[in-house]
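S.K.: Can you join these two chains into the complex? Each is in its own frame, and there are hints to help.
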Amino acid sequence: MSDTIDLLEAIGKNAALRHAPTEELAEVLSEANASEALLAAVRQGDSSLLSAELGHHPLRVNHDYHTGGNEDEEQPDGEPGEESPGEAPDSLLG
Amino acid sequence: MTAPSLPNDAPRGSLACVGLGMTLGSHLTPLARSHIEQADVVFAALAHGAAEMWLQRMHPDVRSLQPYYKEGKSRQKTYREWVDLMMTEVRAGKRVCAVFYGHPGIFAWSPRTAIEQARAEGHVAHMEPGISAEDCLYADLGIDPGRFGCQHFEASQLLFYERKIDPCGYLVLWQVALVGDWSLTRFETGPAYRKVLVDVLSADYPLDHDIIIYRAATLPIEKPRVRRIRLGELPDITLTGEDTVVLPPAARLKPNLAVRQRLQALDEACALA
Numbered sequence: 602m603s604d605t606i607d608l609l610e611a612i613g614k615n616a617a618l619r620h621a622p623t624e625e626l627a628e629v630l631s632e633a634n635a636s637e638a639l640l641a642a643v644r645q646g647d648s649s650l651l652s653a654e655l656g657h658h659p660l661r662v663n664h665d666y667h668t669g670g671n672e673d674e675e676q677p678d679g680e681p682g683e684e685s686p687g688e689a690p691d692s693l694l695g
Numbered sequence: 298m299t300a301p302s303l304p305n306d307a308p309r310g311s312l313a314c315v316g317l318g319m320t321l322g323s324h325l326t327p328l329a330r331s332h333i334e335q336a337d338v339v340f341a342a343l344a345h346g347a348a349e350m351w352l353q354r355m356h357p358d359v360r361s362l363q364p365y366y367k368e369g370k371s372r373q374k375t376y377r378e379w380v381d382l383m384m385t386e387v388r389a390g391k392r393v394c395a396v397f398y399g400h401p402g403i404f405a406w407s408p409r410t411a412i413e414q415a416r417a418e419g420h421v422a423h424m425e426p427g428i429s430a431e432d433c434l435y436a437d438l439g440i441d442p443g444r445f446g447c448q449h450f451e452a453s454q455l456l457f458y459e460r461k462i463d464p465c466g467y468l469v470l471w472q473v474a475l476v477g478d479w480s481l482t483r484f485e486t487g488p489a490y491r492k493v494l495v496d497v498l499s500a501d502y503p504l505d506h507d508i509i510i511y512r513a514a515t516l517p518i519e520k521p522r523v524r525r526i527r528l529g530e531l532p533d534i535t536l537t538g539e540d541t542v543v544l545p546p547a548a549r550l551k552p553n554l555a556v557r558q559r560l561q562a563l564d565e566a567c568a569l570a
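Chains as they are written, first to last, in our numbering: chain A, 602 to 695; chain B, 298 to 570.
Errors might be hidden in some of the hints.
To be verified - Quick list of in silico lysine to any residue cross-link-like pairs, SDA-like style, CA-CA up to 20 Å:
1. K520/B with V629/A
2. K520/B with P622/A
3. K461/B with R416/B
4. K492/B with P426/B
5. K614/A with M350/B
6. K520/B with I510/B
7. K492/B with G656/A
8. K614/A with R483/B
9. K520/B with Q645/A
10. K520/B with E610/A
11. K614/A with Q353/B
12. K391/B with R416/B
13. K614/A with D437/B
14. K391/B with T410/B
15. K614/A with I428/B
16. K367/B with R483/B
17. K461/B with G443/B
18. K461/B with S499/B
19. K614/A with E334/B
20. K520/B with A616/A
21. K520/B with S649/A
22. K614/A with P426/B
23. K391/B with P357/B
24. K520/B with A638/A
25. K520/B with L618/A
26. K520/B with T623/A
27. K520/B with A641/A
28. K614/A with S323/B
29. K520/B with G646/A
30. K492/B with L456/B
31. K492/B with R460/B
32. K520/B with S648/A
33. K551/B with I428/B
34. K614/A with T410/B
35. K520/B with M602/A
36. K614/A with S331/B
37. K367/B with T623/A
38. K614/A with L516/B
39. K391/B with K614/A
What the hints contain is simulated information worked out from the structure, not anything from laboratory work.
Quick caveat, the model's predicted, so the values are computed rather than measured.
Pulled out of the complex, with its shape left as it was, chain B reads as follows (with noise of 0.2 Å):
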């Protein structure tokens, strides 16, 4: 896309988008805080109003995302208004920021498409992370992602396509409230979808194993919600979109006998070296 030429000494817009982190007055980094105080529109995509109204306190023209969900309606369409509304600033010669909860970057296709969009236009735009629920998940179950290794899937994706689950490392399951949603347009789908995620899970893991539904407080009066139930409860329990399931690893780590006897060569070779 060709820039706008514009005059030398015109206000070139700009744009940052930026966390909130998860839980309110704990997550927001000061960094983050100085591009909202110093902006001149900030537009809003949170979790909670609680958090719309401390983001108010901060700075007098904040403007929120939420009102262009509506049930029916794409959110593709959605998050494409959302664009439009942060360039459109920009381009007015603005400087933007765009706050999004938890990381601006992770589950979030705006701010990234806005920065590229902004980009290819000449604007200066970047992203600030956010704490995010993964760091948070982390955190509250005692999980290390180095340990055993640890997958990511936005749950839908399991149905949709064709993917390699590696059950000897942790398994991450995001927005399985509308698993299976192809439309776009729910914001939940409910037992029955959830019964094919389950049955697509069952070739690797066994229907009676303990999986984890966990929720990132939001508020710091909350601790983070973590239910442990089997896997093949999944499509019975009561699920929203905060909710992520997590799958512990279900079987042991494989020597890989040949790659060390190979090592093991190695590592004699450069003792006698």
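Chain A on its own, in the form it takes in the complex (with noise of 0.2 Å):
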């Protein structure tokens, strides 16, 4: 069975296989002998399926608190929204 994580490496830097057709990246992944969890994320479009496999769980996805801090430690960024101006932007958009 080929590895999953070389095989999503392989799709995402492959222009023909990350857009391809769900028909036609599942024969080629089965070619490639991928692995059933795999085929199926694929073909039931649930990448959620991998999870057996990988045994990852979903990770926290905010990284950042400019609006809220409501807490008793002093702020290390200052007040979140009294920023001048001239400093807003880098907090908001990067």
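M.R.: Okay, here's the thing in structure tokens:
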């Protein structure tokens, strides 16, 4: 069986595979001896089916705290929302 | 802050904060990969477990920052811990690479803060951009922010502060799933909070205004997720931290006749000169 992470990387950087129709991609993966979980995820359009194989959980995606902060500790970044106009853009859009 | 004095021959730690992009295998730049491969230590704050596993193929010492999140724990505390973890290794003389999903400078407090801190202590530190959710949004939804203009807000900011929305342009709202969470301890709020957001937006948009719920592909076997609903339905749908809300323009651009006349006069004066 081929390594799923290697196959995902290969798909991600291949223009023909990245946007291939579902059946076409599934056929290529089947020929590449992909895992049943990866094949099922592709065929059913449900990447959560990979969880059984990879054993991962959804990760937190909020890596900032621009607005909020009602806790006792001192704010390291100043009071959110009170930056001067010249300082605000990088905290909003980067 | 005074930089700690180091012997001349001491190794000086450095910090590079890089973006992995949004889609595994598709977006990592050659330079970001080089930073990862040349680092002594790699920290990771990514959006998918598969992306962490992919990163581990590039470096033998990848340390996930995800375990520092905890339900009920202030994210402010978590992000400070992240900065401390990075800086401890930098101060120890290591070449540190911190990898964030998307762009490391967008909606990410700790990379910016760690870079500032490292520089203040005399270390080399910089940021390498990555393909962000915003970049993917423009491509997948066919939006050109230059056409009508485009405002971006963390959704909570529209509730906590008085902001001016321009309904002639696009409005992009980030982190709507946890809108209104002042405590920084929750990862979702819920329909009642989103109803408050809708009430605020209804000052500028009709409740039947068509809006878009967008999520970029994180795995290359996924397609971007695009849902079209009406503004008034926003409280009732399922929403996660990955979802972004886009409000297309609700009003036509209004010609500024006074300024146009002024410019016309300038044009005429130039033509006569």
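S.K.: Taking the hints in turn, state whether each one holds.
M.R.: Do the hints match the structure? See the list:
no. : hint               : result
1   : K520/B with V629/A : holds, 18 Å
2   : K520/B with P622/A : holds, 11 Å
3   : K461/B with R416/B : violated, 35 Å
4   : K492/B with P426/B : violated, 35 Å
5   : K614/A with M350/B : holds, 17 Å
6   : K520/B with I510/B : holds, 14 Å
7   : K492/B with G656/A : violated, 36 Å
8   : K614/A with R483/B : violated, 35 Å
9   : K520/B with Q645/A : holds, 12 Å
10  : K520/B with E610/A : holds, 16 Å
11  : K614/A with Q353/B : holds, 18 Å
12  : K391/B with R416/B : holds, 15 Å
13  : K614/A with D437/B : holds, 18 Å
14  : K391/B with T410/B : holds, 18 Å
15  : K614/A with I428/B : holds, 14 Å
16  : K367/B with R483/B : holds, 9 Å
17  : K461/B with G443/B : holds, 19 Å
18  : K461/B with S499/B : holds, 13 Å
19  : K614/A with E334/B : holds, 19 Å
20  : K520/B with A616/A : holds, 14 Å
21  : K520/B with S649/A : holds, 13 Å
22  : K614/A with P426/B : holds, 19 Å
23  : K391/B with P357/B : holds, 15 Å
24  : K520/B with A638/A : holds, 18 Å
25  : K520/B with L618/A : holds, 12 Å
26  : K520/B with T623/A : holds, 10 Å
27  : K520/B with A641/A : holds, 15 Å
28  : K614/A with S323/B : holds, 5 Å
29  : K520/B with G646/A : holds, 8 Å
30  : K492/B with L456/B : holds, 11 Å
31  : K492/B with R460/B : holds, 18 Å
32  : K520/B with S648/A : holds, 10 Å
33  : K551/B with I428/B : violated, 34 Å
34  : K614/A with T410/B : violated, 32 Å
35  : K520/B with M602/A : violated, 25 Å
36  : K614/A with S331/B : holds, 17 Å
37  : K367/B with T623/A : violated, 37 Å
38  : K614/A with L516/B : holds, 11 Å
39  : K391/B with K614/A : violated, 31 Å
Comparing the model with each earlier hint shows violations of hints 3, 4, 7, 8, 33, 34, 35, 37, 39; every other hint is respected.
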